[in-house]
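**Q** Chains as they are written, first to last, in the numbering used here: chain A, 438 to 871; chain B, 309 to 723.
These aren't lab readings, by the way, just hints derived from the structure by calculation. Watch out, some of these pointers could steer you wrong.
List of simulated lysine-lysine pairs, DSS-like, C-alpha gap at most 25 Å [stated by the list, open to error]:
#1 K827(A) / K634(B)
#2 K827(A) / K663(B)
#3 K796(A) / K634(B)
#4 K663(B) / K845(A)
#5 K690(A) / K761(A)
#6 K663(B) / K662(A)
Since we're looking at a predicted model, the values are computed, not measured.
Each chain, written out:
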Amino acid sequence: MRVFMLGWEFPPFVSGGLGTACYGLTKGLDRRGIEVIFVLPRMVESAYTTHVKLLTPTSRIPAGKGGYREFKNVAFRTVNSPLQPYTEPESYQLQMEEALRQKVGGGKASSASQLVGNMDYSGDMYSEVHRYAAVAVDLARGEQFDVVHAHDWMTYPAGIAVSAMSGKPLIVHVHSTEFDRSGEHVNQVIYDIERMGMHSAHKVVAVSYYTRSIIIGRYGVAGEKVEVVHNGVERNGNGAWALTETGIKKDEKIVLFLGRITMQKGPEYFLGAAKKVLEVMENVKFVMAGSGDMMHRAVELAAELGIGHKVLFTGFLRGDDVQKIYRMADLFVMPSVSEPFGIVPLEALEHDVPVIISKQSGVSEVLRHALKVDFWDVNEIANKIVAVLKYPPLGMTLRDYGNFEVRKLSWSDSAAKCAMIYEEAVAGACVKTF
Amino acid sequence: MASICFYFQVHQPLRLRHYTVFDQDDRYFDDYKNAFICRKVANKCYLPTNRLLLDLIRRHQGRFKVAYSLTGTLLEQLQLYAPEVISTFDALAQTGCVEFLAETYYHSLSFLYSRNEFLEQVRKHTETIRSLFGQEPRVFRNTELIYNNDLAAMVESLGTFDAILSEGADHILGYRSPNFVYRPKGCEKLRLLLKNYALSDDIAFRFSNRAWSEWPLTAEKFARWVSNVNGNGQVVNLFMDYETFGEHQWQDTGIFDFMRHLPEEILRHPDNDFKTPSEVAARYEAVDTVDVPHLISWADTERDLSAWLGNAMQSNAIHELYQLEKTIRKTSDEKILTDWRRLQTSDHFYYMCTKYFADGDVHKYFNPYGSPYDSYINFMNVLDNLHSRCSEHLTARELCEPSANRKAPDLQAVS
Chain A
438 MRVFMLGWEF PPFVSGGLGT ACYGLTKGLD RRGIEVIFVL PRMVESAYTT HVKLLTPTSR
498 IPAGKGGYRE FKNVAFRTVN SPLQPYTEPE SYQLQMEEAL RQKVGGGKAS SASQLVGNMD
558 YSGDMYSEVH RYAAVAVDLA RGEQFDVVHA HDWMTYPAGI AVSAMSGKPL IVHVHSTEFD
618 RSGEHVNQVI YDIERMGMHS AHKVVAVSYY TRSIIIGRYG VAGEKVEVVH NGVERNGNGA
678 WALTETGIKK DEKIVLFLGR ITMQKGPEYF LGAAKKVLEV MENVKFVMAG SGDMMHRAVE
738 LAAELGIGHK VLFTGFLRGD DVQKIYRMAD LFVMPSVSEP FGIVPLEALE HDVPVIISKQ
798 SGVSEVLRHA LKVDFWDVNE IANKIVAVLK YPPLGMTLRD YGNFEVRKLS WSDSAAKCAM
858 IYEEAVAGAC VKTF
Chain B
309 MASICFYFQV HQPLRLRHYT VFDQDDRYFD DYKNAFICRK VANKCYLPTN RLLLDLIRRH
369 QGRFKVAYSL TGTLLEQLQL YAPEVISTFD ALAQTGCVEF LAETYYHSLS FLYSRNEFLE
429 QVRKHTETIR SLFGQEPRVF RNTELIYNND LAAMVESLGT FDAILSEGAD HILGYRSPNF
489 VYRPKGCEKL RLLLKNYALS DDIAFRFSNR AWSEWPLTAE KFARWVSNVN GNGQVVNLFM
549 DYETFGEHQW QDTGIFDFMR HLPEEILRHP DNDFKTPSEV AARYEAVDTV DVPHLISWAD
609 TERDLSAWLG NAMQSNAIHE LYQLEKTIRK TSDEKILTDW RRLQTSDHFY YMCTKYFADG
669 DVHKYFNPYG SPYDSYINFM NVLDNLHSRC SEHLTARELC EPSANRKAPD LQAVS
């Protein structure tokens, strides 16, 4: 079995869960001996790429030797394109101006830090999506594979094109939908692409039953075509490291928000709960780690609520900094308004941090040892935050059982389910052809 | 001779309302939910089953007998929400074929944490049964059949009980059969009646299970199994929750029809009869001594206390609760004392159990909370409020009468 996989981000350049998910899934597939050709929408230019086998669209000559050491069967291909996930429609204008300024400045395409920043879907993103599709088709011509697996809407046109060109079945993997990202203010163009992708696909993979119901209800996809494959979690042995100087005193409790600061993630509910907690408790700091288009609004809101001195904004964290923040945190809160899956709580549990998650998330389907709340129920979020900080056996039990539970969620299982779906798709496609 | 000894546990806890850290009042219980469940169970189980058993007792002219253990928290709720159930229990009491057992009024685990509190609750329960049904309980059963040698010794020392009930757990009986009367280790007069869990569970748990090889269970078949005991046993103790009838096993499973025909099928065999626990204790001699140094219960497959005290949250909650005892008594405030006692009901700790969280089985059915964590948070918030009420109460009194503080130790003396 060989898979032509279309993604848009891959570690270390991740701005959200998608890259992490692609990494885990491909690793799981790799362990099963399934070959994966992974196409990325951009030229990755950094020291990290030296161990990745890369092909640029123009030269098709390996730009680096080796490959991710963990992978035996995965090859990487990149398309030079500025596509970036997770941008909100409201910020188009801002970003187009940003993009223009960059062009005027004549700077290089993008540095590593900009890669993970909140840019893009710039003015011509739709043509970018289609250009990516064209290049992907071009790359696919030189490859042998059995199925096409496309992750999220930006790669759907490419997936459709490659599937049509090669006659191989298409599987689209839905990590999030336009309704998760934008609520009811959907971008019609994106919605149409998503809908087309799901309807063209032989199989649709949803990351949760929550997402599956959106796919069926909002996109009119037949239920028997939609399979659920929950995400796993990558165990990366958290080494012991010491508390570093951070301006947070040891006797202070730390409540952590980690993720993009956007409407979808519910930062205002986090701050609302923080305000309530601080009414009954002192010695608590609230840390918001991440960036996003609601960052400024969140800073303002914290000030308006009069809790500015109790809320720290760290900006986007990566690598060691993420480990550090988990190490310091007493509790992780994910008040997402609509979360297709949500890998971060699994990472938090893996780092022995108990979690509060919104019921409007896919991850709440797989986690039992987590506190669950409605994202809008600020009172209840605060109630639970206080409880964890005030009654130590609660955090202890959540941590112990939660960590154990997370260990059972492996990417190997997700990959095994995907492998089954591949088999079905291939079998189904054969029936259709003959 | 095989005597059938039915004992039904009848209990409903007082469920807590959703109580957050921001709540400041002393209304802890969910009156609406408690009333709703109480009336629902009364209609589905208590009323129809009482009517059926009353009918059977009359029809068999005193040859059919049963025993009940009614908790104080249930009786309080019935008085408020379904008083007609009390009068049907009273009608049963009048037949002379029904025995009422003694237990802790609040269905608590107090034996494990405060002997003093335990004795008070047993006394309170006995008084309640006497005033409602005109009976003096002669047999004791502890919450969830929790039992060990110490409990038996304590119950015997009270001098008012002839027998005590517990679970016929394999690990305490070994090769011995639960179908005999035993003597608790260290006791002289007290008798020990042990539940025949196989036959009890055939009715209570397996009755409607279509995957069970013996399904459907008929009265005739069950009577045959019971009659098989003749010759190698004297008594078959069928102990179960009363809610088995109509609530755990719904009416459409045929559980009422099964029960309607069971007495006649059992009595068809001339060597069989029905006896209450007191009659069993009086009729049969103890055949052996049973040694139970460690605590057992009738719960789950483990037959231990892990359903109530199995995780850190449970043991923390219950320790905090009983640690408050001295302070509670110091306030000598009836309302505070009652609230504290209502929090002792074992169900509150059962809801915090993480053991079978995964399986969604019987634990989940009884749980008003979405998760054990929610129940712990709720309980601790309530307990926290109770604590601060005590402090406020004591501070206020100190301000009014500075000398009260010095007299305080007297208040701990139990009347």
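**Q** State for each hint whether it applies.
**A** Hints, verified against the model:
1. K827(A) / K634(B): holds, 23 Å
2. K827(A) / K663(B): holds, 24 Å
3. K796(A) / K634(B): violated, 41 Å
4. K663(B) / K845(A): Within the cut-off at roughly 17 Å; holds.
5. K690(A) / K761(A): Cα-Cα ~15 Å, so holds.
6. K663(B) / K662(A): With a Cα-Cα distance of about 36 Å, the restraint between K663(B) and K662(A) is violated, given a limit of 25 Å.
Comparing the model with each earlier hint shows violations of hints 3 and 6; every other hint is respected.
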